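Participant: Spelled out from the first residue to the last, the chains are:
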Amino acid sequence: MTRPLRLRLVLRDLAAGAAFGAMAVSGQLPVWALAVFLLTLVLALCNVRLVARHARLSALLLLVAAVLLGLQLTSGAMNAVVAACSFAGLIAAQRMLSAPDGAADGQTHLTGLLMVAGGAALSGDMTYALCLIAFGVLASLSLALGVVEAAVPDGEPVPVRAVLGPLSGGVAFAVAGAVAFFVLFPRLNWAMVGPRSAPGLGAASSAGFSNTVRLGGAGTIKSNPRVVLRATLTPDPGRDALDAYWVGRTYDTFDGQEWTNVIGALQTERQITLRPASDTLLHQRVELLPAYGGRTLIALESPSRLGNALAHTPTGTRNSTVQLQGGSEVRFTLTAPSYTYEAYSLPPDAKAVGSLALRQPEKDQLLALPEHLDPRVAQLAARVLQGEKEPLAAARKLIAYLQRDYAYTLELAGNSEDPLADFLFVRKAGHCEHFATALTVLLRTQGFSARLATGFFGGARLDGAYIVRAGDAHAWTHVLVPGRGFVTVDATPPSHRTSQASALLEKVLALYEAVEARWRNSVVDYSFRDQFELANALVRPPRQPAQASTRSSRLPPMRAWLTAAAVAFVVWRVGRFLARRQKRAPRMEATRFLDRVDAQLARARVPRFEGESLEDLTTRFARDGHPLALALVPLTRRYLEARFGGRALREGEAEHLLNTLRRALEAEAARRVPKAAEQAGPTARAS
Amino acid sequence: MERLAAQLGRAVQGKPSEVQRVVTCVVAGGHLLLEDMPGVGKTTLAEALARACALSFSRIQFTADLLPADILGAQVFHSQTATFSFRPGPLFRQLVLADELNRAPPRTQSALLEGMAQGQVSLDGETHPLPSPFTVVATQNPVDFSGTYPLPDSQLDRFLVRLSLGHPAPDVEARLLTTRGAASPLASVEAVTGPEELASLRAFAAEVKLDAAVAEYIVRLARATREHGDLERGASTRAVLALGSAARAQALWEGRDFVTPGDVRAMLVPCWAHRVLLRSAVQGVSARDEAAHLVEELSRKVAAPR
Chain A
1 MTRPLRLRLV LRDLAAGAAF GAMAVSGQLP VWALAVFLLT LVLALCNVRL VARHARLSAL
61 LLLVAAVLLG LQLTSGAMNA VVAACSFAGL IAAQRMLSAP DGAADGQTHL TGLLMVAGGA
121 ALSGDMTYAL CLIAFGVLAS LSLALGVVEA AVPDGEPVPV RAVLGPLSGG VAFAVAGAVA
181 FFVLFPRLNW AMVGPRSAPG LGAASSAGFS NTVRLGGAGT IKSNPRVVLR ATLTPDPGRD
241 ALDAYWVGRT YDTFDGQEWT NVIGALQTER QITLRPASDT LLHQRVELLP AYGGRTLIAL
301 ESPSRLGNAL AHTPTGTRNS TVQLQGGSEV RFTLTAPSYT YEAYSLPPDA KAVGSLALRQ
361 PEKDQLLALP EHLDPRVAQL AARVLQGEKE PLAAARKLIA YLQRDYAYTL ELAGNSEDPL
421 ADFLFVRKAG HCEHFATALT VLLRTQGFSA RLATGFFGGA RLDGAYIVRA GDAHAWTHVL
481 VPGRGFVTVD ATPPSHRTSQ ASALLEKVLA LYEAVEARWR NSVVDYSFRD QFELANALVR
541 PPRQPAQAST RSSRLPPMRA WLTAAAVAFV VWRVGRFLAR RQKRAPRMEA TRFLDRVDAQ
601 LARARVPRFE GESLEDLTTR FARDGHPLAL ALVPLTRRYL EARFGGRALR EGEAEHLLNT
661 LRRALEAEAA RRVPKAAEQA GPTARAS
Chain B
1 MERLAAQLGR AVQGKPSEVQ RVVTCVVAGG HLLLEDMPGV GKTTLAEALA RACALSFSRI
61 QFTADLLPAD ILGAQVFHSQ TATFSFRPGP LFRQLVLADE LNRAPPRTQS ALLEGMAQGQ
121 VSLDGETHPL PSPFTVVATQ NPVDFSGTYP LPDSQLDRFL VRLSLGHPAP DVEARLLTTR
181 GAASPLASVE AVTGPEELAS LRAFAAEVKL DAAVAEYIVR LARATREHGD LERGASTRAV
241 LALGSAARAQ ALWEGRDFVT PGDVRAMLVP CWAHRVLLRS AVQGVSARDE AAHLVEELSR
301 KVAAPR
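If you read the sequences in order, they're chains A and B. Each residue of the first sequence is one higher than the last, beginning at 1 in our numbering. Each residue of the second sequence is one higher than the last, beginning at 1 in our numbering.
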């Protein structure tokens, strides 16, 4: 085995680095894994193969790491995906530092693929895509160089410079092909990719609503940037940051651990009215994106009417009815990756929020307390309120107290017997669910009707619409004010209600956000539906009701024809090009073969008429019984077949025929020399 | 094809390459024009062909007073039924030997023309299909012999191949003298194939692959005749097609299913020499030789595909 090509190893290690980067950009990998891998990468790039001589020892270390990761996983301190990704990184590191043989190369690339897959499960960021492309390019180049290296005989230099050009061209072509594949191939549902980190609202999906909110349960990632909702508001508020509450559902029953509802499904209709409408309604056209993953309709606080839903399934768009659930939740009856629907909400500053039609069991629950509530909770509430009787004022007092004395944290508290008491009296830190639960329960102990609401807080303006991210998931409190209905109060410190960018970096982030939004819309959340709509937009004019009434042509518009013509033209050109290429290639080969035969015949000074083709020459020789005919006849036949009969020369066949001819020519020359000496006359060269 | 050529060789001795061309022409489905001095075996060759292929055969001796009705047939009045009915003439055979074609007046020659081109005969507003395979083997004496009407160019164009046999070699002639006693040479010709086999052979020849490069070669040859300074009129499109089908049949000799430039060159002179018109006023045999020479020269000048 010769010394492996340095460049190939560098490319391989860089590819592994890019693959690790694809996971690292999610920001969820533990710091020690990052450190270990970075160290490994530096060592590998310096060509220090640390574990080349200690393969067993390093394998043992890997095993230990696997056990440790497993323990962390079972203790709930680590997500399964994160653990798997970390371990993949460790394996890659071990392989990169081993002796660089063929097996290690293959395994390094394989772990690279694993890490890229892990990165896809962790995040779908634009940076992930960059890492993915870098990995693809570097790994392809490294693999291709490996092939070239294997083909070069031992001891000879590898023609790196000569092959890098065509290789780069090939890789560029492959990337272009992958992009085309991405755009044109029917898409699978993104929800199939796997579990995404749940941003504080239940564990099922990225932002899905479960039937319960469990305190201290699943991990909360407020930084998940995926867009779950896009809404167009009429009238348009015109603000860049909406900072509004988007309510999904409410909970009325708390058992000390988790929030539930007393009532299940109610009626199913095209449209559900939650509150009587007022004069000024805020209309929302909402699109729930696949990242949302739930079936609960979202609307701005306080929703009045929801419905007219369309479910965009992978097989097409269908009307979906909606179902009213307990806790004022409205759900789609169809399951689909994405939905669009309409919602009408009362404006946030409306004085008279219409009274909500609540069922009797729900009303009864608004003051219910957990059975084993810590007595200190009620004492705390009484101490803070000091006899305040007005519900809204009481809520404000409690909020001021909570925001002053309690810290916001996303760190997990671990399982606890009484998470509420743990939050209020021990940790004095928690996230929005803790704050909202605390406020609700504190209010209830003092006889104020209240309930927990979950949904999103925020709304960033993008292309005239407002988007809400998975990281904007939030929980807050509804307090019942007599004569006004439920009023939204929020105990969470304002700076932690939504994921906010640093003020200093705002400009840079805005630019990045714009690019990333485009990336997310056209890549991450690009679905079968988008493909369908792209095709549809090419065929049908955009829906404009005003125009539709005046012009009712059923013919497809001009651009549909143009597109069809362009596509047909491209297909035709490509087909012709390929057909020609396919035809030409073997022919050129046959002609090259003929040139070599002619050259051989000329070198051997075989007498030939001017312009006499090989075919004619062979015919003449065969007729005259010339000794060369024996070699020429099969050769000529194969040439003619290859050139005119469409039966190309096989691999090595040309060489074989040429060798036969050369031997025949040599024998002929040997025969002619004594004869020429005998006759002392030159062979007639006809012309 | 080999068997056919062997049988023909029995009748016409010492002319293997000419016999080969004749068979090629028949397989290509074309009509044959034999042009030569009297008495070199043109008629014998045609008759031998008919025998070897087991085709229905008729021989029409063209004379100066031959009328179209004499070859096509005529409406005959039956007095008993008081109706006319068509009585087919000698043209209604699979192989027709038009002997000394250029002795007939142009009117009769034209009557043959429709039959050759369309494979059918129009008479009194009715068309009568000719039997299949329909092949005309015409013989003619060189035009400078007295009492002949030169064939119109349009009719010449309808013959796929024109051949001249020429005098046999002296030793062949000598052998003829010694062996040809009482027995006619035609008697030794056996039927080795039938109309069906001939038809399938023709179908086979039609399927021979003609590569685009070879087709382009034929077209370049045609262009060269059209642009040649000594030629009044070059090869027509029909001449191009004729050369293509002749080359296809020629390819079968080598057992190939594709045409090579060599096939094209082999059939070039027999196919085209009678179709080009010389600019000079030379007539007769020398004109024929001149045309053949020019066409052959072109085949060397025009570069074959490699």
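Among the clues, some could well be false.
Chain B is faced by these chain A residues, among others (derived, beta-carbon under 8 Å) [said to hold, decoys possible]:
| hint | residue |
| --- | --- |
| 1 | Gly611 |
| 2 | Ser613 |
| 3 | Glu615 |
| 4 | Asp616 |
| 5 | Leu640 |
| 6 | Phe644 |
| 7 | Gly645 |
| 8 | Gly646 |
| 9 | Leu649 |
A short list of chain A residues far from chain B (calculated; beta carbon distances all over 10 Å) [unchecked claim]:
| hint | residue |
| --- | --- |
| 10 | Leu132 |
| 11 | Arg285 |
| 12 | Tyr401 |
| 13 | Leu594 |
Hints were generated in silico from the structure; no laboratory data involved. On a predicted model such as this, the values are computed, not experimentally measured, just so you know. We treat Cβ as the ideally placed atom computed from N, Cα and C, and that holds for glycine.
Participant: Can you name, in rising order, the numbers of the hints this structure does not satisfy?
Facilitator: Failing hints, ascending: 9 and 13.
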